[in-house]
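Visitor: One letter stands for each residue in the lines below.
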Amino acid sequence: MADVPQPRRVRPKLAMGLAGATGLGRPLLSFGFILTLWIAVTGAGLVPEQIFPSPLSVWQATVEMAANGTLATDLAVSMRRAAIGFGIGSVLGVTLGLLTGRVALVRALLNPFLTLLRPIPAIALVPVAIVWFGIGEGSKYFVVSYTVFLTVWFNTHHGMEYIPDIYLRASRSLGASRMREFLTVVIPAAAPHIVAGLRLGVALAFLSLVAAELSGASSGLGHRLQEARQYIRTDRMFALLIILGALGATVDLIVQWVGRKLVHWQQG
Amino acid sequence: MSSGHVRVDHLSITFAGKQGPVTALAPTTLHLAPGSFTALIGPSGCGKSTLMNAIAGFVQPAGGAMTLDNTEITGPSPDVGVIFQQYALFPWFTALGNVKFALKRLGLPRAELHDRAMAALEEVNLAQHAAKFPGQLSGGMKQRVAIARTFAAGPKVLLMDEPFAALDAQTRIVMHHLLTDIWQKHRATVLFVTHDVDEALLLADRVCVMSQAPGRIIRDYALDLPRPRSLRAQADVLLPIRDEIITLLHPTHADA
Ligand SMILES: Nc1ncnc2c1ncn2[C@@H]1O[C@H](COP(=O)(O)OP(=O)(O)OP(=O)(O)O)[C@@H](O)[C@H]1O
Ligand SMILES: [Mg+2]
Chain A
5 MADVPQPRRV
15 RPKLAMGLAG
25 ATGLGRPLLS
35 FGFILTLWIA
45 VTGAGLVPEQ
55 IFPSPLSVWQ
65 ATVEMAANGT
75 LATDLAVSMR
85 RAAIGFGIGS
95 VLGVTLGLLT
105 GRVALVRALL
115 NPFLTLLRPI
125 PAIALVPVAI
135 VWFGIGEGSK
145 YFVVSYTVFL
155 TVWFNTHHGM
165 EYIPDIYLRA
175 SRSLGASRMR
185 EFLTVVIPAA
195 APHIVAGLRL
205 GVALAFLSLV
215 AAELSGASSG
225 LGHRLQEARQ
235 YIRTDRMFAL
245 LIILGALGAT
255 VDLIVQWVGR
265 KLVHWQQG
Chain B
22 MSSGHVRVDH
32 LSITFAGKQG
42 PVTALAPTTL
52 HLAPGSFTAL
62 IGPSGCGKST
72 LMNAIAGFVQ
82 PAGGAMTLDN
92 TEITGPSPDV
102 GVIFQQYALF
112 PWFTALGNVK
122 FALKRLGLPR
132 AELHDRAMAA
142 LEEVNLAQHA
152 AKFPGQLSGG
162 MKQRVAIART
172 FAAGPKVLLM
182 DEPFAALDAQ
192 TRIVMHHLLT
202 DIWQKHRATV
212 LFVTHDVDEA
222 LLLADRVCVM
232 SQAPGRIIRD
242 YALDLPRPRS
252 LRAQADVLLP
262 IRDEIITLLH
272 PTHADA
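Read top to bottom, the protein sequences are chains A and B. Each residue of the first sequence is one higher than the one before, starting from 5 at the first, in the numbering used here. Each residue of the second sequence is one higher than the one before, starting from 22 at the first, in the numbering used here.
Keep in mind that the hints were calculated from the coordinates and are not lab data. Incorrect hints may have been included.
[Stated by the list, open to error] Mimicking SDA-like on lysine to any residue, the simulated pairs with C-alpha atoms at most 25 Å apart in a straight line are:
(1) B:Lys125 / A:Leu266
(2) B:Lys125 / B:Ala86
(3) A:Lys265 / A:Thr254
(4) B:Lys153 / A:Ile170
(5) B:Lys153 / B:Ile194
(6) B:Lys153 / A:Thr254
(7) B:Lys39 / B:His26
(8) A:Lys265 / B:Ile194
(9) B:Lys153 / B:Gln191
(10) A:Lys265 / A:Val51
(11) B:Lys125 / A:Asp169
(12) B:Lys206 / B:Gln233
(13) B:Lys125 / A:Thr254
(14) A:Lys265 / B:Pro112
(15) B:Lys153 / B:Met139
(16) B:Lys125 / A:Pro168
(17) B:Lys153 / A:Gln260
(18) B:Lys153 / A:Phe117
(19) B:Lys125 / A:Arg182
(20) B:Lys39 / B:Gln81
(21) B:Lys153 / A:Leu28
(22) B:Lys153 / B:Arg208
(23) B:Lys125 / A:Leu28
[Unchecked claim] What the simulated footprint calls covered on chain B by chain A, stretch by stretch (three residues with Cβ under 8 Å from a Cβ of chain A suffice, anywhere in the stretch; the number is not a length):
(24) 25-35
(25) 54-63
(26) 229-240
[To be verified] Between beta-carbon pairs, the in silico distance windows are:
(27) A:Glu165 / B:Asp90: 51 to 61 Å
(28) B:Ile194 / A:Thr254: 51 to 61 Å
(29) B:His216 / A:Ser181: 57 to 67 Å
(30) B:Pro55 / A:Gln270: 37 to 47 Å
(31) B:Asp257 / A:Met183: 28 to 38 Å
(32) A:Trp42 / B:Ala187: 30 to 40 Å
(33) A:Lys265 / B:Asp219: 24 to 34 Å
(34) A:Asn115 / B:Glu93: 29 to 39 Å
Glycine included, every Cβ here is placed at the ideal spot set by N, Cα and C.
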């Protein structure tokens, strides 16, 4: 039966062409398609421009914000908040994750509590943050770092739990001290999960930052969005949303690239 | 100098199962002479790995005693080296880094650490692959790195749990020669678990056969033959033993 030649599956030409599009080809194809659709819908005049702006007016709004300087300041302010919040949250998350993964007492004291905190959405925290830290930078750092912390902690802890026993056995029967085992076996073994957690953390940093900036901020991309709502400037809103998307995707690509360098031994 | 005398006396091991404790190893007695090479063979699930994990200090016995050179075995130690079927190399270290890991506890100066690790890799003919990561090595090469790493730690006892089971027949033959050479040089006491009767007969001074689960040792053969061995050249001694072991391993073969 094994000798019967299997009929070769021939893919239709279009599908072949699409699957063949690699690298930049595929995203460009997708963006081109959506842009065409967008132009068609707005060009047909079915929806009022003020509700659903055309690509051209979104582009003009972008140029306008760039020219009056708000775009650069907002970007800088938001990036700074996301970076600081991410920095605090991820350092705390990794540290505590390593501790709850390694030290039974810390795990017993903290895990049930932290697990309970995880389902609380970041947005729900904004009012508390504002009462505690005002509408300045403090409340943004708090909301972002808190969200990043929980995710990074969870992933780190999870990674620690799934370290294959065989690594620890090998390490101990090769005479490694507990400290050397922790630094050169446990941490690298958990690293793929930690890196995955950091990547999620970056995405969440943007998410929670915008949530915090939407309600109670006087600068930043989220604040500019809220301001655009007051003047019903959907063109600006669209511009800001696209910038947020591009920013998030770029940072994610960078984190992914760095992560791959860090855990180079991990396949797939 | 103490030299790797393993005594296992009436050792039994149980695991907590869903319906109460499960006996993984019935009371077993096994003494390994210093520098000897013992093969352990038995049906699947009879407790070979369990016995080995106990001697390695990975699992606690339910009863009985284990000593190495008259000192009780209470946990893993560099005196007892372990070679795993799944290699257990650290994928984040290079081949050289893995061997260095075993040498770290000696607190050597940098240059000497490097030289000794390279020498260990040379012994398994892998010096030219020192900078590669385990993911870039074949199964046979990985197991050679693991052997170099374990011997580098200077163990008195070497436990090997089906170390070559995942390798193809040809690689396995290469590994047999390599292991025999290294072992004759370092003279650790070896306990070698295998499912392959021929492998046991070719490598070991002594072959212990275990019963069906819960296992205990039911037969103990001494093989005083020169190395390298071959089933054909030493057929008059090896083949009758081989037939006996195969019958012992398949007692219900007739009705199966
Ligand atoms: N961690 C564990 N928890 C519960 N039961 C276990 C555990 N490890 C082994 N056992 C049981 O102990 C018995 C002996 O297992 P062991 O792995 O020692 O067998 P083995 O002789 O090495 O088998 P194989 O030849 O298939 O490797 C089996 O019944 C197994 O199910
Ligand atoms: Mg086994």
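Visitor: Each hint: holds or not?
Guide: Going through the hints against the structure:
1. Restraint check for Lys125 of chain B and Leu266 of chain A: the C-alpha separation of about 23 Å stays at or below 25 Å, so the hint holds.
2. Taken as a hint, the Lys125 of chain B and Ala86 of chain B pair is broken in the structure, with Cα atoms around 31 Å apart against an allowance of 25 Å.
3. The hinted pair formed by Lys265 of chain A and Thr254 of chain A meets the criterion: a straight-line CA distance of about 17 Å does not exceed 25 Å.
4. For the hint pairing Lys153 of chain B with Ile170 of chain A, the CA-to-CA distance comes to about 21 Å; that is within 25 Å, so the pair holds.
5. Between Lys153 of chain B and Ile194 of chain B the alpha-carbon distance is near 24 Å, which keeps this suggested pair within the 25 Å criterion.
6. Restraint check for Lys153 of chain B and Thr254 of chain A: the C-alpha separation of about 32 Å exceeds 25 Å, so the hint is violated.
7. Proposed proximity of Lys39 of chain B and His26 of chain B is contradicted: the alpha carbons are some 37 Å apart, above 25 Å.
8. Using a Cα cut-off of 25 Å, the hinted pair Lys265 of chain A and Ile194 of chain B is violated, with the two alpha carbons roughly 37 Å apart.
9. Pair hint Lys153 of chain B plus Gln191 of chain B holds up; C-alpha atoms about 23 Å apart against a cutoff of 25 Å.
10. In summary, the hint linking Lys265 of chain A to Val51 of chain A is not supported, as the alpha carbons are separated by about 47 Å, beyond the 25 Å threshold.
11. Of the supplied pair hints, the one linking Lys125 of chain B and Asp169 of chain A holds, its CA atoms being roughly 21 Å apart against a limit of 25 Å.
12. Taking the CA atoms of Lys206 of chain B and Gln233 of chain B, the gap is about 35 Å. The hint is violated against a cut of 25 Å.
13. Distance hint between Lys125 of chain B and Thr254 of chain A is unfulfilled; the C-alpha atoms sit about 41 Å from each other, more than 25 Å.
14. Our distance criterion of 25 Å between C-alpha atoms is met by Lys265 of chain A and Pro112 of chain B, whose separation comes to about 14 Å.
15. For the suggested pair Lys153 of chain B and Met139 of chain B, the alpha carbons sit about 13 Å apart, so the restraint of at most 25 Å is met.
16. Restraint check for Lys125 of chain B and Pro168 of chain A: the C-alpha separation of about 22 Å stays at or below 25 Å, so the hint holds.
17. Only pairs whose Cα atoms come within 25 Å are accepted, and Lys153 of chain B paired with Gln260 of chain A is accepted, the gap being roughly 24 Å.
18. Proximity of Lys153 of chain B to Phe117 of chain A is assessed by CA-CA distance (about 44 Å); at most 25 Å being required, the pair is judged violated.
19. As the CA atoms of Lys125 of chain B and Arg182 of chain A are separated by approximately 13 Å, the hinted pair is consistent with the 25 Å bound.
20. With a C-alpha separation of about 19 Å, the suggested pairing of Lys39 of chain B with Gln81 of chain B holds against the 25 Å cut-off.
21. Restraint check for Lys153 of chain B and Leu28 of chain A: the C-alpha separation of about 32 Å exceeds 25 Å, so the hint is violated.
22. For a cut-off of 25 Å, the pair hint linking Lys153 of chain B to Arg208 of chain B is broken: about 29 Å separates their Cα positions.
23. Straight-line distance between C-alpha atoms of Lys125 of chain B and Leu28 of chain A comes to about 47 Å, which puts the hinted pair past the 25 Å bound.
24. Counting residues of the stretch 25-35 of chain B whose beta-carbon sits less than 8 Å from any beta-carbon of chain A gives 0, not enough to reach three: the coverage restraint is violated.
25. Note: the stretch 54-63 of chain B has 0 residues with beta-carbon separation from chain A under 8 Å; the three-residue rule is not met and the coverage is violated.
26. Residue count for the stretch 229-240 of chain B with a Cβ under 8 Å from a Cβ of chain A: 0. That is fewer than the three needed, and the coverage hint is violated.
27. The hinted range of 51 to 61 Å is not satisfied by Glu165 of chain A and Asp90 of chain B, whose Cβ atoms lie roughly 37 Å apart.
28. At roughly 54 Å, the beta carbons of Ile194 of chain B and Thr254 of chain A sit within the given window of 51 to 61 Å.
29. A beta carbon spacing of about 36 Å between His216 of chain B and Ser181 of chain A contradicts the range 57 to 67 Å that was offered as a hint.
30. Take Pro55 of chain B and Gln270 of chain A: their Cβ atoms lie about 42 Å apart, and the range 37 to 47 Å holds.
31. Between Asp257 of chain B and Met183 of chain A the CB atoms are about 56 Å apart, so this pair departs from the stated range of 28 to 38 Å.
32. In this structure the supplied range 30 to 40 Å is violated for Trp42 of chain A paired with Ala187 of chain B, their Cβ-Cβ distance being about 55 Å.
33. Judged by the Cβ atoms, the range 24 to 34 Å given for Lys265 of chain A and Asp219 of chain B is violated: they are separated by roughly 46 Å.
34. Distance hint check: the CB atoms of Asn115 of chain A and Glu93 of chain B are about 35 Å apart, consistent with the given range 29 to 39 Å.
Against the hints set out earlier in the document, violations occur for numbers 2, 6, 7, 8, 10, 12, 13, 18, 21, 22, 23, 24, 25, 26, 27, 29, 31, 32, 33.
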